[in-house]
Amino acid sequence: EAAVTQSPRNKVAVTGGKVTLSCNQTNNHNNMYWYRQDTGHGLRLIHYSYGAGSTEKGDIPDGYKASRPSQENFSLILELATPSQTSVYFCASGTGTGNTEVFFGKGTRLTVV
Amino acid sequence: GDSVTQTEGLVTLTEGLPVMLNCTYQTIYSNPFLFWYVQHLNESPRLLLKSFTDNKRTEHQGFHATLHKSSSSFHLQKSSAQLSDSALYYCALRTGYNKLTFGKGTVLLVSP
Chain A
1 EAAVTQSPRN KVAVTGGKVT LSCNQTNNHN NMYWYRQDTG HGLRLIHYSY GAGSTEKGDI
61 PDGYKASRPS QENFSLILEL ATPSQTSVYF CASGTGTGNT EVFFGKGTRL TVV
Chain B
1 GDSVTQTEGL VTLTEGLPVM LNCTYQTIYS NPFLFWYVQH LNESPRLLLK SFTDNKRTEH
61 QGFHATLHKS SSSFHLQKSS AQLSDSALYY CALRTGYNKL TFGKGTVLLV SP
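Here the protein sequences line up with chains A and B, keeping their order. Its first residue numbered 1, the first sequence is counted upward by one per residue in my numbering. Its first residue numbered 1, the second sequence is counted upward by one per residue in my numbering.
Source of the hints: derived by calculation from the structure; they are not laboratory data. For every residue, glycine included, the Cβ atom is placed at its ideal position computed from N, Cα and C. Not one of these hints is a red herring.
Result set (PhoX-like, lysine-lysine): computed pairs, CA atoms no more than 25 Å apart in a straight line:
{"no.": "1", "chain 1": "B", "residue 1": "Lys104", "chain 2": "A", "residue 2": "Lys65"}
{"no.": "2", "chain 1": "A", "residue 1": "Lys106", "chain 2": "B", "residue 2": "Lys104"}
{"no.": "3", "chain 1": "B", "residue 1": "Lys69", "chain 2": "B", "residue 2": "Lys99"}
{"no.": "4", "chain 1": "A", "residue 1": "Lys106", "chain 2": "B", "residue 2": "Lys99"}
{"no.": "5", "chain 1": "A", "residue 1": "Lys65", "chain 2": "A", "residue 2": "Lys18"}
Some, not all, of what chain B presents toward chain A, calculated at C-beta under 8 Å:
{"no.": "6", "residue": "Lys50"}
{"no.": "7", "residue": "Phe52"}
{"no.": "8", "residue": "Tyr90"}
{"no.": "9", "residue": "Lys99"}
{"no.": "10", "residue": "Leu100"}
{"no.": "11", "residue": "Thr101"}
{"no.": "12", "residue": "Lys104"}
Sequences and hints are given; from them, build the entire structure.
Spelled out as structure tokens, the structure:
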């Protein structure tokens, strides 16, 4: 079973502060994704990556940055956190070839106060 | 851009009745890949079904779906709902650019 590990699992941050969410996968997958999950909106793609050194904007990238320093690691950075970024964030990884599935981490619950 | 539209909100069913969750998509890509993911309470989404072949039925764990490119649809069905089917279901679309787009999700609640 593919392994995707997110840290931290829970985070409370203050408005205006910097938050970094980390994701590690040991599946040697090329593609990695960051989603946020909100009731009524489903899973929305924030950033994704094709491999080390690459990051691509998803559908809702504003207010977020991403970093892929290695094949295994993909971080999501909130430089100036706002209460509207309170959500559950999921990282996922996959080989990227058409019909293959992606594997999700357990999620990070972020609360910005 | 790509988009996925699902049956909205909450679907409630009595155990034993058939399940039908709708999914339609929009993309300019001619060979899309379609997926259904299921997320049980306090868990992560996981793959339920996938397809990229037009008009071919795909089945897994009692669920089935058929990709119809003519109508841009990939509806999820099951002949008889079980209590354990209660979950959040997502339809998802991948195009050749590897971007994976999900719909808003449909909560299925099966009652005795």
